[in-house]
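Enquirer: Produce the entire structure from the sequences given, and follow the hints as far as they go.
This is what each chain is made of:
Protein chains: 2
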Amino acid sequence: MILDDLAAIVGAGHVLGREQIETRAIDFWSSDATRALGLVRPASTAEVSAILALCHARGQVVIPEGGRTNLVRGTEAEPDHILLSLERMSRIGEIAADSGWVEVEAGAVLQRLQDHAAGQELRVGLDLGARGSATIGGLLAMNAGGVQVMRYGSARAQVLGLEVVLADGTVLEHLTPYAKDNTGYDLKQLFIGSEGTLGIITRAVLRLHPQPISVQTAFLAFEEFGPIPKLLGTLSRGLAGTLSSFEVIWRDFYDLNTEEGRLRAPVRRGLPYYVLCEAEGFEPEADAARFERLIVEAMEAGAVDAAIAQSVAQRDAFWRIREDFEAEMALFSEMGDFDVSLALEDMESFGRDLARAVDEQLPGHSGLHVFGHMGDGNLHVAIGLPSKDKKPIAERIVYDLVAARRGAISAEHGIGLSKRDWLGRSRSQAEIAAMAAIKSVLDPQNILNPGKIFRAAGSAPV
Amino acid sequence: MILDDLAAIVGAGHVLGREQIETRAIDFWSSDATRALGLVRPASTAEVSAILALCHARGQVVIPEGGRTNLVRGTEAEPDHILLSLERMSRIGEIAADSGWVEVEAGAVLQRLQDHAAGQELRVGLDLGARGSATIGGLLAMNAGGVQVMRYGSARAQVLGLEVVLADGTVLEHLTPYAKDNTGYDLKQLFIGSEGTLGIITRAVLRLHPQPISVQTAFLAFEEFGPIPKLLGTLSRGLAGTLSSFEVIWRDFYDLNTEEGRLRAPVRRGLPYYVLCEAEGFEPEADAARFERLIVEAMEAGAVDAAIAQSVAQRDAFWRIREDFEAEMALFSEMGDFDVSLALEDMESFGRDLARAVDEQLPGHSGLHVFGHMGDGNLHVAIGLPSKDKKPIAERIVYDLVAARRGAISAEHGIGLSKRDWLGRSRSQAEIAAMAAIKSVLDPQNILNPGKIFRAAGSAPV
Numbered sequence: 001m002i003l004d005d006l007a008a009i010v011g012a013g014h015v016l017g018r019e020q021i022e023t024r025a026i027d028f029w030s031s032d033a034t035r036a037l038g039l040v041r042p043a044s045t046a047e048v049s050a051i052l053a054l055c056h057a058r059g060q061v062v063i064p065e066g067g068r069t070n071l072v073r074g075t076e077a078e079p080d081h082i083l084l085s086l087e088r089m090s091r092i093g094e095i096a097a098d099s100g101w102v103e104v105e106a107g108a109v110l111q112r113l114q115d116h117a118a119g120q121e122l123r124v125g126l127d128l129g130a131r132g133s134a135t136i137g138g139l140l141a142m143n144a145g146g147v148q149v150m151r152y153g154s155a156r157a158q159v160l161g162l163e164v165v166l167a168d169g170t171v172l173e174h175l176t177p178y179a180k181d182n183t184g185y186d187l188k189q190l191f192i193g194s195e196g197t198l199g200i201i202t203r204a205v206l207r208l209h210p211q212p213i214s215v216q217t218a219f220l221a222f223e224e225f226g227p228i229p230k231l232l233g234t235l236s237r238g239l240a241g242t243l244s245s246f247e248v249i250w251r252d253f254y255d256l257n258t259e260e261g262r263l264r265a266p267v268r269r270g271l272p273y274y275v276l277c278e279a280e281g282f283e284p285e286a287d288a289a290r291f292e293r294l295i296v297e298a299m300e301a302g303a304v305d306a307a308i309a310q311s312v313a314q315r316d317a318f319w320r321i322r323e324d325f326e327a328e329m330a331l332f333s334e335m336g337d338f339d340v341s342l343a344l345e346d347m348e349s350f351g352r353d354l355a356r357a358v359d360e361q362l363p364g365h366s367g368l369h370v371f372g373h374m375g376d377g378n379l380h381v382a383i384g385l386p387s388k389d390k391k392p393i394a395e396r397i398v399y400d401l402v403a404a405r406r407g408a409i410s411a412e413h414g415i416g417l418s419k420r421d422w423l424g425r426s427r428s429q430a431e432i433a434a435m436a437a438i439k440s441v442l443d444p445q446n447i448l449n450p451g452k453i454f455r456a457a458g459s460a461p462v
Numbered sequence: 001m002i003l004d005d006l007a008a009i010v011g012a013g014h015v016l017g018r019e020q021i022e023t024r025a026i027d028f029w030s031s032d033a034t035r036a037l038g039l040v041r042p043a044s045t046a047e048v049s050a051i052l053a054l055c056h057a058r059g060q061v062v063i064p065e066g067g068r069t070n071l072v073r074g075t076e077a078e079p080d081h082i083l084l085s086l087e088r089m090s091r092i093g094e095i096a097a098d099s100g101w102v103e104v105e106a107g108a109v110l111q112r113l114q115d116h117a118a119g120q121e122l123r124v125g126l127d128l129g130a131r132g133s134a135t136i137g138g139l140l141a142m143n144a145g146g147v148q149v150m151r152y153g154s155a156r157a158q159v160l161g162l163e164v165v166l167a168d169g170t171v172l173e174h175l176t177p178y179a180k181d182n183t184g185y186d187l188k189q190l191f192i193g194s195e196g197t198l199g200i201i202t203r204a205v206l207r208l209h210p211q212p213i214s215v216q217t218a219f220l221a222f223e224e225f226g227p228i229p230k231l232l233g234t235l236s237r238g239l240a241g242t243l244s245s246f247e248v249i250w251r252d253f254y255d256l257n258t259e260e261g262r263l264r265a266p267v268r269r270g271l272p273y274y275v276l277c278e279a280e281g282f283e284p285e286a287d288a289a290r291f292e293r294l295i296v297e298a299m300e301a302g303a304v305d306a307a308i309a310q311s312v313a314q315r316d317a318f319w320r321i322r323e324d325f326e327a328e329m330a331l332f333s334e335m336g337d338f339d340v341s342l343a344l345e346d347m348e349s350f351g352r353d354l355a356r357a358v359d360e361q362l363p364g365h366s367g368l369h370v371f372g373h374m375g376d377g378n379l380h381v382a383i384g385l386p387s388k389d390k391k392p393i394a395e396r397i398v399y400d401l402v403a404a405r406r407g408a409i410s411a412e413h414g415i416g417l418s419k420r421d422w423l424g425r426s427r428s429q430a431e432i433a434a435m436a437a438i439k440s441v442l443d444p445q446n447i448l449n450p451g452k453i454f455r456a457a458g459s460a461p462v
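So the protein sequences, as listed, match chains A and B.
Under full-length UniProt numbering, the first residue of the first sequence carries the number 1, and numbering increases by one thereafter.
Under full-length UniProt numbering, the first residue of the second sequence carries the number 1, and numbering increases by one thereafter.
Derived by calculation from the structure, the hints in this document are not laboratory data.
One or more of the hints may lead you astray.
Pairs involving identical chains hold if they fit within one copy or between any two copies, as the list cannot separate such chains.
To be verified - In the SDA-like style, the derived pairs of lysine to any residue whose C-alpha atoms are separated by at most 25 Å in a straight line are:
1) K391 <-> W422
2) K230 <-> L175
3) K391 <-> V147
4) K230 <-> H116
5) K388 <-> G13
6) K390 <-> S214
7) K390 <-> T45
8) K391 <-> F282
9) K230 <-> A97
10) K388 <-> A157
11) K388 <-> P363
12) K230 <-> D115
13) K230 <-> D98
14) K388 <-> P284
15) K230 <-> V304
16) K390 <-> H365
17) K391 <-> R264
18) K390 <-> V441
19) K388 <-> A77
20) K230 <-> Y152
21) K230 <-> D359
Expert: This is how it looks when you write it as structure tokens:
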């Protein structure tokens, strides 16, 4: 019995059986019971290696999990699968403060690392709502995005070195703390964003960035889309690398969240487009003067209303308008939600065509909300469905409009099981075949999170 | 005859035979004649695809070349190889100025793209001495570094989208202009830095950055190494993302270039360490004031001498001390030169141990120069060899000291043929086997630049 053999590797207390895990929900988003043969919790890279060598030899499927906050059913298992959790591998190494890096085990929770770094006036270049649960291993496996991508890049850009265990137990250790390394193929890139299908990330060396000490935040309103990309260009230049957020919000979501009795509207309601932007710097007075000057220029260049936050409380209030989904959840009893990338040049027409298609093809819908990290080319779309069974129609509408603009059907959430059948809207058959070929050579038994992202060539449907 | 079949694809005028290419030097660094069966110059991705499909079917080796400025014998061919040049594919697309990107064909020369971007007050995040010859395809295939890595990252970080032709002619087209894309494996990462061994890069979408309008440059001298990483930390924070260079120079190179009759010494000679640092911003007056304040702080924190360039001419003079190799070339009749990465924390001991080992193991040497892009963890080492046959001793000295510190035997130049036999100093056998496995699945006939980086498993020695 494989659970006994796993117990021989990690100790009996660290293998949970079917009964012990079926009381857990699958993930943060689903209350369905976890189905799996068992869950194993190694304490070291050597134990991960031994577990995978065993499972590889037996053809035993392994589903890795981190904080189970992913949005794409990325850790869903079948009843005969083994779950692998690295929660016991959560050590955070000593911080190299001047050169800005830290070595960390994959099971460490992001917020703990953030707190650790803050103690040295440093910042992890990665932040998102799930920070209190999401683990470093999961965040790297998903190439997580979040609210700091514009400034620091995605999770991928934070990684200096990586240790990965391959499906057969082979350990690829390359825990290097420097930015430049042209010693052959940059193997770590392959595992970052591969959603646990190519190897198990066990440790990483991450960059740390100086923690800014000043913050400026503005809300702007626009009658037309045209000036918005121009404003982004102006702020990118004018703020000299300190621009950290540039969010765009279409009317309906802004108006909903600023209705009477909800949040206070910082700028006029009822306009087609809103921008929430923020800069973080190191010289409070000079930063504030520069920011104010640029916002005044933005008014001259086409914004019809603007407000700069005058306090931390006001800044928080600005962000709540973007991040509060209570009113949306009350309005949309059934929702289709999407996370796409587009060229900035295509966003306006996408929003317009999307509104028309939703009206035409989803009669009785309860609304359409579009907003997102425009500075990263990333829009989030939420559609209030007339009924749950209309979700495939919403998917087709969004993904067809994205495909027609060479957009990405996932900007930051990943593919998992949820978007697998739509992957062809963003990637060609040749690309998917190349992915499958790489998977087949690194995981010939197809034991690592099989069926996520794409169906493995020649495998039974999962 | 394969040349005739290639001519049928690209036209007879675009296939050069053995006699037409043997008058060319192999590359910029070697005056040896190019040996190869021929050279083919396609005009489109479709032609590249047809060429590779043909060569794949015939088992014909193809050696891709760009501007032939690489430093690692990366485009060296055997007499029965075909050279592939993309010089006819050099179109530069329209610049998206506000969102900051451009689509470019792989044969475009970097400097042309830089000039093109400058016309829109934008900058390619990539610059190096070979800018007038190096092509975008070659720069991406080598993941080139250069003098702007600290600010913008390596070549890899400039790439938003990529088109690659695989060994069998399959085209992987993913020319996307946005930063966030989690639609399955990020295949482009595999080809960037793979030195032409996994596929032929035909087109790319590159980021463009706002062109700074102010520049501040300082030279500092130190009695000890300790304050230097601290200064880097201070400047990273204090300059808020505008720090663009942080170069460290060990005494002997500084003293040589500032000898009587050579360049003027901006700070005292004869000290163990020098730093040349530069910031580029968008607010000339405020930037200059801030920079000056930080350099004054640096003096208080351990620098024993410092100078800030007061004019463009003085700035150029500062940089010549770092970039002028005439005196070195006159002094070192035979040279071993190296390009390594190390953690900042290991650089001081590396320099010390290296000096001792060179004195002990290379008696009669003519000197040791250490300097480099410290902000990137990248040091360049030049050793004046007593005789040419001592190069392997120099290599062993440097690479053993690098390996003992988990350093990279190549920070930015790559591996090619020159460093292939030392790859094991930086990468484990498991890592090299993983590279070979990936190569074997993407290029099963081993026709693309075989033998570069590592010897292909099961192939005849090249």
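Enquirer: All the hints need checking, so say for each whether the structure fits it.
Expert: Hint check results:
no. : hint          : verdict
1   : K391 <-> W422 : within (13 Å within a copy, 55 Å between copies)
2   : K230 <-> L175 : between (41 Å within a copy, 23 Å between copies)
3   : K391 <-> V147 : neither (27 Å within a copy, 50 Å between copies)
4   : K230 <-> H116 : between (38 Å within a copy, 20 Å between copies)
5   : K388 <-> G13  : neither (42 Å within a copy, 62 Å between copies)
6   : K390 <-> S214 : neither (46 Å within a copy, 55 Å between copies)
7   : K390 <-> T45  : neither (45 Å within a copy, 41 Å between copies)
8   : K391 <-> F282 : neither (46 Å within a copy, 48 Å between copies)
9   : K230 <-> A97  : between (37 Å within a copy, 9 Å between copies)
10  : K388 <-> A157 : neither (37 Å within a copy, 41 Å between copies)
11  : K388 <-> P363 : within (13 Å within a copy, 80 Å between copies)
12  : K230 <-> D115 : between (36 Å within a copy, 22 Å between copies)
13  : K230 <-> D98  : between (36 Å within a copy, 6 Å between copies)
14  : K388 <-> P284 : neither (49 Å within a copy, 57 Å between copies)
15  : K230 <-> V304 : within (15 Å within a copy, 46 Å between copies)
16  : K390 <-> H365 : within (10 Å within a copy, 78 Å between copies)
17  : K391 <-> R264 : neither (33 Å within a copy, 72 Å between copies)
18  : K390 <-> V441 : neither (39 Å within a copy, 41 Å between copies)
19  : K388 <-> A77  : within (24 Å within a copy, 61 Å between copies)
20  : K230 <-> Y152 : both (22 Å within a copy, 22 Å between copies)
21  : K230 <-> D359 : neither (30 Å within a copy, 59 Å between copies)
Figure legend: structure checked against the earlier numbered hints; hints not met, in rising order: 3, 5, 6, 7, 8, 10, 14, 17, 18 and 21.
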